[in-house]
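**Student:** Chain D is already provided as a structure; the job is to place chain P on it using the hints.
Chain by chain, the residues run as shown.
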Amino acid sequence: MATLELRDVKKSYGNNAVVHGVSMNVNESEFVVIVGPSGCGKSTLLRMVAGLEEITGGQIVIAGRVVNDLEPKDRDIAMVFQNYALYPHMNVYENMAYGLKIRGMTKQEIDSRVRDAGKILELGALLERKPRQLSGGQRQRVAMGRAIVRHPKVFLFDEPLSNLDAKLRVQMRLELQKLHRRLGVTSLYVTHDQVEAMTLGQRIIVMNAGRAEQIGTPAEIYARPATAFVASFIGSPPMNLLKATVAADGASLQVDGANIVLPRAVPALAGRAAQFGVRPEDLRIGGNAFQIEVDMVESLGADHLIHGHLGQSGQQALIVRAGPDANPAAGSQIGVGFDAGATHWFDGTTNARVVA
Amino acid sequence: MVENRPLLAVFTHVVLIAGVIAIAFPLYVTFVASSLTLDEILAVPMPLTPGHQVTTNYGRALAAGSTQGSAAPVARMLFNSLVMALMISIGKIAISILSAFAVVYFRFPLRKFFFWTIFITLMLPVEVRIIPTFKVVADLGLLNSYVGLSLPLIASATATFLFRQFFLTVPDELAEAARIDGAGPMRFFRDILLPLSKTSIAALFVIQFIYGWNQYLWPLLVTTEESMYTVVIGIKRMIVGGDAANDWHLVMATAMLALLPPALVVMLMQKWFVKGLVETEK
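From first to last, the protein sequence lines stand for chains D and P. Be aware that the first sequence starts at 1, since it is given in our numbering, and climbs by one per residue. Be aware that the second sequence starts at 357, since it is given in our numbering, and climbs by one per residue.
If we strip away everything but chain P, and leave its shape as in the complex, we get:
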């Protein structure tokens, strides 16, 4: 739409700027707090210009962790989060692309039934089935393990549907041409379907990585050892209670560190991500 109404332009900009401030300001305060000493943070009012403690605070958080509450080093937590997020996103993609392949390209008995079973799991996110799932994971001895952290979150109806929708747009003739060329089903999957799904996979990876990284409730339940805390849990565990008793400067540094990897993933894969959601290359 091409319009030339200066007042409207001013108004839209005011709204946009207000929105940016609402989101960016808390981030800025977090960053400022992570660069101050604890005493400076507790001063009233808290200074709004960055201090000189950046390297000290981040160094301490990464290497040693907080003195209050959880004392695990944040580097370890970041590693745990990374492993969990990667296992969840890669596991989800692997399982759902294969199940979508089965549902779309094969006629097997009870195909409809299995399709609807996958569909129904949409109604059962972790939060709903958390107690039975915890019982199962505990009985299998998977508490405080990477498998326990990620396995229950891997099954994904959403991703299966996304791939199913994509596969349905791939012309049947492509599968038929591959059959005539002599490619078996798995060969067709590997040589043709997988390369065509590249952008969908990338988009899904970004979404699922952030989903995995941000998991809170489930890691809170299955991790009891500090060495297995994810960074999201770590932040929570560093806050023991009472305003003054916490190492706020370290908490804030940890929060900033926890923000980085998902932001990096989005930034690095943005091109692919947008392509995957918008473009269909056939």
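Bound-form chain D, shown alone:
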């Protein structure tokens, strides 16, 4: 059990900076998820914590000790890889025991730890199997077991569920949560899947282009995204972001020639260019804030996603999440409304959240 601290951690390859200084704390027993699109530097950050990449700048502190110059094996971490990285020629037992054997642990100690992990992960019957004889989910559990037996201070997960099919992914997600609750090991988890981030993380770091755009609990990040990027990345379907110019009185805005009447005026933004955000689930059809033209309706069973657009050029697309009864015909105009509390404002140039 330990804390993990990143102090202005930077990484560059030659002149090409990929991580521009990320700072954050992972508290004891906390489960923190780093989420972002591919190429945002999230895996690089994790690999720097693991000691597989050199740190260009800043410090990484595990349990109060700066580990910048320590080999991975001396950092007291365990890592689960995306492709599991099980040793193909060793059986499940040997895979889990290998790290312990190298550390010179006694046979009895190794045996009890491996059997314990096998019990926790329900691998007991598979200990003699080779990795190629296992299914994807089982391999994933062995990879987890290899991390557990080490009793590390910090668990690192590098997209561990992305090689699994959708159903198994949901199941493993739940198992991971149970496992964390049971073992309480400080964990850092990298994923590109915002659903995984929202469900697993006690706190989330949203990364984009090598920067941490926002660090916070899933609820905070959903309710109050710090930047337009976070707003568009978290949530499915993503938040509608409209490039708008606020009228001089702050009571309405212009989006590509269309007029949107605000339920509550925003005098702070009067006359300025801004991005106006509202989540699909916060829009309701039958309102009178503005009109959209329906392009198509996607049915998800419990919900209907109404894809439409507004404005003169037809470029400003927008999604409304409505109940299963809402079934407007394509090409029809429908009125849309929203509550004052459901609006998000982002600066037109910096994309940062504006309180209005």
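Everything labelled a hint here was simulated from the structure, so no lab data went into it. Quick caveat: nothing in here was measured; it's all calculated off a predicted structure. Beta carbons are placed, not taken as given, at the ideal position from N, Cα and C, and that holds for glycine. Treat the hints with care, as some may be off.
As the list claims (entries may be wrong) - Quick list of simulated restraints, FRET-style, between CB atoms:
{"no.": "1", "chain 1": "P", "residue 1": "615", "chain 2": "D", "residue 2": "108", "range": "48 to 58 Å"}
{"no.": "2", "chain 1": "P", "residue 1": "626", "chain 2": "D", "residue 2": "15", "range": "50 to 60 Å"}
{"no.": "3", "chain 1": "D", "residue 1": "129", "chain 2": "P", "residue 2": "626", "range": "20 to 30 Å"}
{"no.": "4", "chain 1": "P", "residue 1": "551", "chain 2": "D", "residue 2": "324", "range": "56 to 66 Å"}
{"no.": "5", "chain 1": "P", "residue 1": "551", "chain 2": "D", "residue 2": "108", "range": "24 to 34 Å"}
{"no.": "6", "chain 1": "P", "residue 1": "467", "chain 2": "D", "residue 2": "177", "range": "39 to 49 Å"}
{"no.": "7", "chain 1": "P", "residue 1": "550", "chain 2": "D", "residue 2": "83", "range": "19 to 29 Å"}
{"no.": "8", "chain 1": "P", "residue 1": "626", "chain 2": "D", "residue 2": "236", "range": "52 to 62 Å"}
**Tutor:** This is chain P only, laid out in the frame that chain D set:
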């Protein structure tokens, strides 16, 4: 392809059978000759059914050798060939697997340079560098020794490349997982890379054993003493010249004996050999 054309089937079989005969018939004649007396071989036409001299001929060849030309016993030659082939194949595998490990897994200064140096040796087989190599081996006093026979043939760019290609297919995460598990580079090599390379090693062993066993030009140069002849050289040395002056029955017996070990190696290791060339187990 599933086709049902009887004429084509007949034709393909004729071609195949002709091919088998072309290869098998000389072997058969060799075997027949090795079972006859010298007089029977020299009779015209030579009989094409095996004679009764098998044990006598093979026994004499193994124990005493020919009366003409080289008089070294073939058993000794077979032993020499075996030692040379084993030293070459094991030496080649040991050196090339280590150099491939270095080239793939380590960043060291002039890595590219060394890689290309190994690559260039592909263009320099023994036949091309035979005179300078002979000079070096002679100056080192290694003529008529097992080391002299095998050392110059051990360096192998081909094997290095084969292992390099194999190592490149091993996922990086495996090396990283081993690092996190606390395995140093040599430990990783021994515990993980080596077991994974088993089939490649077996395939390479078969190829290199036959390569070593069949060496002709180099042993011909560096062995001058009969006790150091390899069997391939021995056959040549038994033929002194003139059709009648040689112990053909013993020459043929020696040829058959020389065929056996490589054939055995291929047969015994065939399963591994095919696996090594076809299957990648990761």
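**Student:** Give a verdict on every hint.
**Tutor:** Cross-check of the supplied hints:
With their beta carbons about 55 Å apart, residue 615 of chain P and residue 108 of chain D fall inside the hinted range of 48 to 58 Å. Look at residue 626 of chain P against residue 15 of chain D: about 54 Å separates their beta carbons, and that is inside 50 to 60 Å. Here the CB-CB span from residue 129 of chain D to residue 626 of chain P is close to 28 Å, well matched to the stated 20 to 30 Å. Our hint of 56 to 66 Å for residue 551 of chain P and residue 324 of chain D holds, since their Cβ atoms are close to 57 Å apart.
A C-beta distance of roughly 26 Å is found between residue 551 of chain P and residue 108 of chain D, which places it inside the suggested range of 24 to 34 Å. At roughly 45 Å, the beta carbons of residue 467 of chain P and residue 177 of chain D sit within the given window of 39 to 49 Å. A beta carbon spacing of about 21 Å between residue 550 of chain P and residue 83 of chain D agrees with the range 19 to 29 Å that was offered as a hint. Range check, residue 626 of chain P to residue 236 of chain D: about 56 Å between beta-carbon atoms, so the 52 to 62 Å window is met.
Checked against the numbered hints listed earlier, the structure breaks none of them; every hint is satisfied.
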